[in-house]
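Use these hints to put chain D onto chain S, whose structure you have.
Going down the list, the protein sequences come from chains S and D. Going left to right, the first sequence walks through residues 1 to 186 as our numbering numbers them. Going left to right, the second sequence walks through residues 1 to 150 as our numbering numbers them.
FYI, nobody ran anything at the bench for these hints, they're computed from the structure. Treat each hint with caution, since some may be false.
[To be verified] Under the rule of at most 20 Å between Cα atoms (straight-line distance), these lysine to any residue pairs were calculated in the SDA-like manner:
1. LYS138(D) to TRP8(S)
2. LYS39(D) to ALA72(D)
3. LYS141(S) to VAL130(S)
4. LYS138(D) to TRP97(D)
5. LYS143(D) to THR6(S)
6. LYS39(D) to SER100(S)
7. LYS138(D) to THR6(S)
[As the list claims (entries may be wrong)] If you want the ones that stay clear, here's a sample from chain S, every Cβ over 12 Å from chain D, calculated:
8. ILE16
9. GLY27
10. ARG48
11. LEU65
12. LEU90
Since we're looking at a predicted model, the values are computed, not measured. Beta carbons are placed, not taken as given, at the ideal position from N, Cα and C, and that holds for glycine.
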Amino acid sequence: MHNHHTDWHIWSGFMILTLLLFRLLWGVVGSSTARFSSFVRGPKTVLRYLRGGWSGIGHTPLGALSVVALLAAVAVQVGLGLVSQDPDGLYFGPLAILVSSDASDKARDIHELWFNVVLGLIVLHVAAIVFYRFRGRHLTKPMITGRAVLDPGAEPLRRGKWWVAVICLAVAFGITRWIVAGAPPF
Amino acid sequence: MRIVVLGVIAFGLIAAAPSRDQALKTMHERHEGMESIGKSVKAINRELAGGSPNLATIRASAATISNLSRKASGWFPKGTGPELGKTGAKPEIWQNWPDFTAKLHNFQAAAKMFSAAAAGGDVGAIEARFGDLAGTCKACHDKYRAEMKH
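Same shape as in the complex, but just chain S (with noise of 0.2 Å):
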């Protein structure tokens, strides 16, 4: 961890501690193509996919690999985050002192190296991206706006609802504050 700016690297972490929970419930209760349930398939329809067998909206066979991988190589380098502590033992994660010291050094060091993994995901999900974007698929734009041409054929997406978003948000706010909290029993 660098010297400076500590207190920044531990709130961009909450944030993202936040938006993670805020995924992983849309992810049961949001709109069709972000259901988990809808988007993350087996094997045998990712090498299906990619004998261009399948067709459908949202998340492809393969990218659905890629968003989980995404979601829980964050969710790994949010966890070690959040139970280390730094080499001068100045600054803890909310959870730091729910394990041993060492186990926070070496939980540390492995943040460190984890983020190598995030970047890598990182780069390879934005490279497939730009790949799709030269043979004439855009994904963002449907992503952010949720309107995209269909296959023929295809179920179209069913929209969450904008207050169960809110709820899911507050839901996520609130885990969070718990956790900056210490996670307290109740």
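Frame of chain S; chain D shown alone:
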């Protein structure tokens, strides 16, 4: 006669320059010492965070920090920077020597004050003096310590 004078001068130069081995040994001692101080600071912070601090742990850690802080006066001889080996000590230490030593003295004074507070049982005072001490670590590290990978 001239040879003798030159010989004496040469001997003087060799004797005055600290040997490479000596410098590396100092750097190693510095590294171990700083790590030990860090461990103690972590132990104290963990006690204070828990709500019911164990004063014996805090006192032992305070003594470790205080002892090592006095030894730190000998940890930064010239020639023990990154030009010699892997270290977190920035060359700026020797470029701003008066400022660096002032910060080192602040640390030593704060360590002594904290040790005195730890000897008493007033947790509020212990926390306050520990805050001062942590501030002196940060003041110096922000300016004079480079990131160091293990």
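Evaluated hints:
1. With a CA separation close to 16 Å, the supplied pair LYS138(D) and TRP8(S) stays within the 20 Å bound.
2. Of the supplied pair hints, the one linking LYS39(D) and ALA72(D) holds, its CA atoms being roughly 16 Å apart against a limit of 20 Å.
3. Taken as a hint, the LYS141(S) and VAL130(S) pair is honoured in the structure, with Cα atoms around 13 Å apart against an allowance of 20 Å.
4. For a cut-off of 20 Å, the pair hint linking LYS138(D) to TRP97(D) stands: about 17 Å separates their Cα positions.
5. Restraint check: the Cα-Cα separation between LYS143(D) and THR6(S) comes to about 15 Å, which is no more than 20 Å; the hinted pair holds.
6. Among the hinted pairs, LYS39(D) with SER100(S) is consistent with the structure: their alpha-carbon atoms are about 12 Å apart, no more than 20 Å.
7. Note on LYS138(D) and THR6(S): the hinted pairing holds, with a Cα-Cα distance of about 11 Å set against a maximum of 20 Å.
8. ILE16(S), annotated as away from the interface, keeps every beta carbon of chain D farther than 12 Å; the closest lies near 22 Å.
9. For GLY27(S), the condition that its CB be more than 12 Å from all CB atoms of chain D holds, with the nearest at approximately 34 Å.
10. Here ARG48(S) stays apart from chain D, with its beta-carbon at least about 45 Å from theirs, past the 12 Å limit.
11. The beta carbon of LEU65(S) sits about 32 Å from the closest Cβ of chain D, which is more than 12 Å, so the claim that it is off the interface holds.
12. With a cut of 12 Å on Cβ distances, LEU90(S) falls inside the contact zone with chain D, its closest approach being about 5 Å.
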